[in-house]
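Asks: Kindly produce the complete structure, drawing on both the sequences and the hints.
2 protein chains.
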Amino acid sequence: MKKNVLIIGAGGVAQVVAHKCAQNNDILGDLHIASRTQSKCKAIVASVKEKKSMKVANGVFKTHTLDAMDVAATAALIRKTKAKIVLNVGSAFLNMTVLSACIEAKAAYIDTAIHEDPLKVCEPAPWYDNYEWPRREECKKAGITAILGAGFDPGVVNAYAALARDDYFDKITDIDIIDINAGDHGRWFATNFDPEINFREFTGQVLSWQNSQWTSNQMFEIRKDWDLPVVGTRTSYMTGHDEIHSLSKNLDVPNIRFWMGFGERYITVFTVLNNLGLLSEKPVKTAEGLEVVPLKVVKAVLPDPASLAPGYTGKTCIGDLVKGEKNGKLREVFIYNIADHEEAYAETGSQGISYTAGVPAVAAALLIATGEWDVKTMVNVEELPPHPFLALLNRIGLPTRIREGKEDKPVTF
Amino acid sequence: MKKNVLIIGAGGVAQVVAHKCAQNNDILGDLHIASRTQSKCKAIVASVKEKKSMKVANGVFKTHTLDAMDVAATAALIRKTKAKIVLNVGSAFLNMTVLSACIEAKAAYIDTAIHEDPLKVCEPAPWYDNYEWPRREECKKAGITAILGAGFDPGVVNAYAALARDDYFDKITDIDIIDINAGDHGRWFATNFDPEINFREFTGQVLSWQNSQWTSNQMFEIRKDWDLPVVGTRTSYMTGHDEIHSLSKNLDVPNIRFWMGFGERYITVFTVLNNLGLLSEKPVKTAEGLEVVPLKVVKAVLPDPASLAPGYTGKTCIGDLVKGEKNGKLREVFIYNIADHEEAYAETGSQGISYTAGVPAVAAALLIATGEWDVKTMVNVEELPPHPFLALLNRIGLPTRIREGKEDKPVTF
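Going line by line, the protein sequences match chains A and B.
Per UniProt numbering, the first sequence starts with residue 1, numbered consecutively.
Per UniProt numbering, the second sequence starts with residue 1, numbered consecutively.
These are computed hints drawn from the structure, not numbers from a lab.
Idealized CB from N, CA, C, for every residue including glycine.
Hints are supplied without guarantee of correctness; some may be wrong.
[What the hints assert, rightly or not] Now the stretches of chain B that chain A is said to cover, found in silico as 3 or more residues with beta-carbon under 8 Å:
1. 265-274
2. 278-287
3. 294-303
Replies: Structure (C-alpha cells):
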C-alpha cells in the first residue's frame with residue numbers, strides 16, 4: 001500500500017531524504033516537506049525537480065511551514081497531508097513533540113538521532129531511557145511504528161551489529177563502531193552537520209560500554225589509529241554516541257565503543273571553544289545585558305553544513321569492527337560502507353555525511369511501507385531484521401562490505 | 001592650585017588611577033569616580049580606603065552613576081563635582097562624548113587609548129585624524145588641555161621617543177616600541193584588559209610606519225625575537241598601535257613599528273576565534289533570530305581582566321628601541337620600564353597591565369594641576385616636555401631605565 005510521507009526539516013539530511021523519497025515515490029505516495037522556513041523546503045523540492053528525481057514524475061511533492069515544537073500543529077499537518085510515515089530529520093530538539101504528533105495522528109515515526117533537551121548535555125545512560133523508551137507503551141497502544149536512530153550511526157551500524165550477531169558470530173565480545181570522514185570541504189573549519197548538535201556530542205563526558213558497564217572518560221582522552229579499507233590509516237578518538245545506549249541493552253555484548261575520526265584542526269578549534277566556554281548550552285549575559293547561548297552564536301558564525309556540499313571531495317568509511325567467536329574459534333570482521341562526497345552531491349545536492357544519514361532513514365520508510373518493518377511499536381534498528389534493510393541499502397546507494405583477514409567483499413542477500 | 005578630578009570608568013585601570021589619585025590628593029583635591037555601575041565605583045573607593053591610599057585622609061572621594069555616552073549628563077557631573085580634570089579610563093568607545101563634555105564644562109581631558117567606533121575596526125591612518133585631531137581647534141578655543149593617549153603605550157613610550165629625540169640623538173631612523181608581558185595569570189586563557197578592545201586591536205590589518213609611509217601587513221605575519229632586560233629573550237609580532245599614528249606625524253622618524261609579545265596560547269586562541277568569525281564587531285543572527293555581536297559574546301565568556309590580579313605573577317617590560325645618530329656616530333638605546341604584577345596588586349589591587357596604563361594618566365593629571373602640562377590645547381604626549389613626566393613616574397612607581405651596549409642604568413632628571 002502506498003503511504004504518504006511527511007519530511008520534517010530542511011537541512012542537508014532533509015535534502016537527501018527528499019531526493020531518495022522522490023526516487024521511490026511509486027512505493028511511498030504523496031510527499032510533503034515542512035520546516036520553520038518554507039523557502040528552504042521550496043529550494044529542496046526545486047532541486048528534486050531539477051535533478052528529475054521523481055520516479056512517478058507527476059507525483060505530489062508539497063512544502064509547508066511548520067513549528068514542529070507545536071504538537072497540535074504537527075498532528076494537524078500529518079492529518080491534512082494524510083501522511084502515514086513521518087521522517088523527522090529536523091533538529092534533535094524536536095523529536096519528542098514530533099513523536100507525540102505521530103501518536104496523536106497515527107503515523108509511523110522515524111528519526112536519525114536521539115532526542116535532546118537544549119538546556120542539557122550528556123544525560124544519564126542509557127540515553128534512550130530519558131525520553132524515548134518510556135514512551136514505547138504509548139506507541140504500542142496507538143499501534144504506530146517508531147524507529148529510533150535510523151540514520152547511519154546510529155542506524156546502519158546497529159543493523160551491522162545485528163547482522164554480525166545473526167550471521168557471523170555465536171558470541172560477540174567487542175563491537176567498535178568507527179566513523180571516519182576522510183573528505184575535504186576546503187574550508188578553514190566547518191562541521192558536517194548542525195554545529196550545535198555536533199559540538200554538544202563532545203562537551204560532556206565520554207560514555208562507553210565496557211565489561212558490561214558504563215565507563216566514563218574525557219573527550220580526546222583515548223586515541224586509536226585504525227587501518228581501514230579505502231581511506232587508509234586514520235586517527236580516531238573514543239566518543240559518546242547514541243547507538244551504544246541501545247546496543248548495550250539489546251545485544252549481549254560486554255564491550256561496545258564508538259570511535260570518531262578527528263583532524264588536528266577540529267581538535268584545536270574544539271579545545272579553544274570548549275575551554276573558553278563558547279560551547280556552553282547555558283546562556284551568558286553580555287556587558288550590554290543581552291542574554292545569549294554561546295553555542296548558538298558559534299553556530300551562527302560557522303558555515304551552513306549544507307553549503308559545504310558543492311566542493312566536497314573524498315570518502316567516508318563507517319563500520320563495525322566486531323570480535324567474538326564462531327564455531328569455537330576467535331573471529332574478527334569489519335562490516336562497513338564507503339560513501340563518496342562527490343557522488344552524493346551529484347545525486348542529491350548534499351555531501352556524504354548528509355547522504356549516509358538520510359538514505360537509511362528512507363530505507364526504513366520503504367520497509368514500513370512494504371510492511372517488513374511495520375512493527376507497530378517503538379524499536380531501535382538492531383531489534384529489526386537486518387537483511388531487508390541492508391539489501392535495500394545495497395540497491396539505493398549505501399552498499400555493505402565485509403573485511404575479514406585478507407578478504408574484503410560485498411555483503412549480498 | 002588644587003584641582004578636583006573626575007575619574008570615568010571602573011575597571012582595572014580605573015582602580016589604579018583611583019589609588020594613585022588618592023595618594024596625591026594633596027595636589028589634586030576632591031576625587032570623584034563615575035561609571036554605569038556605581039557598585040563597581042564603590043568597590044574601588046572601598047579598596048582605596050582599605051589600603052589607606054588617601055594622602056589627605058579626610059579628603060573627598062565620591063562615587064556616581066553615569067552613562068558617559070550622554071554628553072549633557074557628563075557635563076552636568078563635571079560641573080556638579082567642580083572637576084577641573086577628567087581622567088577618562090572607561091571604554092574607548094566613550095572618548096568623544098567625554099571630550100565633548102569636557103569642552104562644554106571647561107575641564108581638562110586625559111585618556112589612555114584612541115577613540116573607537118564600536119562598528120568599525122582599523123580605520124584609515126593616521127587614526128587620530130578620524131576623531132581626535134579634527135577637534136583640536138575646539139579645545140584651543142575653549143582653552144582646555146586634552147592629553148591623548150597618556151597611558152603606557154601609548155603615553156610613556158611617546159615620552160621615551162621625545163626623550164630620545166631631545167637628549168640622546170641628533171637624528172633618529174628607527175623607533176621599535178616593544179611591549180612584553182612576561183607575567184602569568186594562571187588561567188587557560190584571559191586578556192589583560194577589556195577583551196573586546198584587546199581583540200579589536202588585532203582583527204584588522206597591521207599598520208606600521210616604514211620608509212616614511214604607511215605599510216600594511218597581516219596579523220602574526222612578522223615575528224621578531226628580542227633579548228630584553230630582566231624578562232630575557234621574548235617573541236613578539238608586529239601589530240598596529242595608537243602611538244605610531246601620532247609619532248609618525250610629530251617626529252621626523254622614517255621607521256616606527258610596534259611589537260607586542262604573544263605566547264603560543266594567545267596565538268592559537270586568536271587564530272581560531274578570528275578565523276571562525278567570533279571576533280567580528282558586526283552582528284550575526286542566531287537560528288532563533290537573536291541579533292548579537294560575536295565579539296561581545298567572547299567578552300562575556302572570558303575572565304574579567306580585573307579578576308586576574310590576585311594571582312598574577314611576573315613582570316612586564318615595555319620600552320622604545322631607538323636607532324639613529326649622535327655626534328656623527330650610529331647609536332642604539334633601549335629606554336624602558338619593568339613593572340611587577342605582584343607589587344602592582346599589593347599597592348593598588350590591580351595587575352601590572354592596569355598599573356602601567358593607569359599610573360601615567362595620573363602623572364599627566366598631576367602635571368596639569370601643577371601647570372607644567374596645562375597647555376590649553378589638544379596634544380599627544382610626545383608634544384609635551386618629557387622630563388617632568390618621566391621624573392614624576394620615577395617617583396610614583398614606573399621608573400625609567402636605559403640600556404646602551406653593555407650599560408644598563410636608571411634615567412634620572
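Asks: Hints broken by the structure, by number, lowest first?
Replies: Of the numbered hints given earlier, the structure breaks none, since each of them holds.
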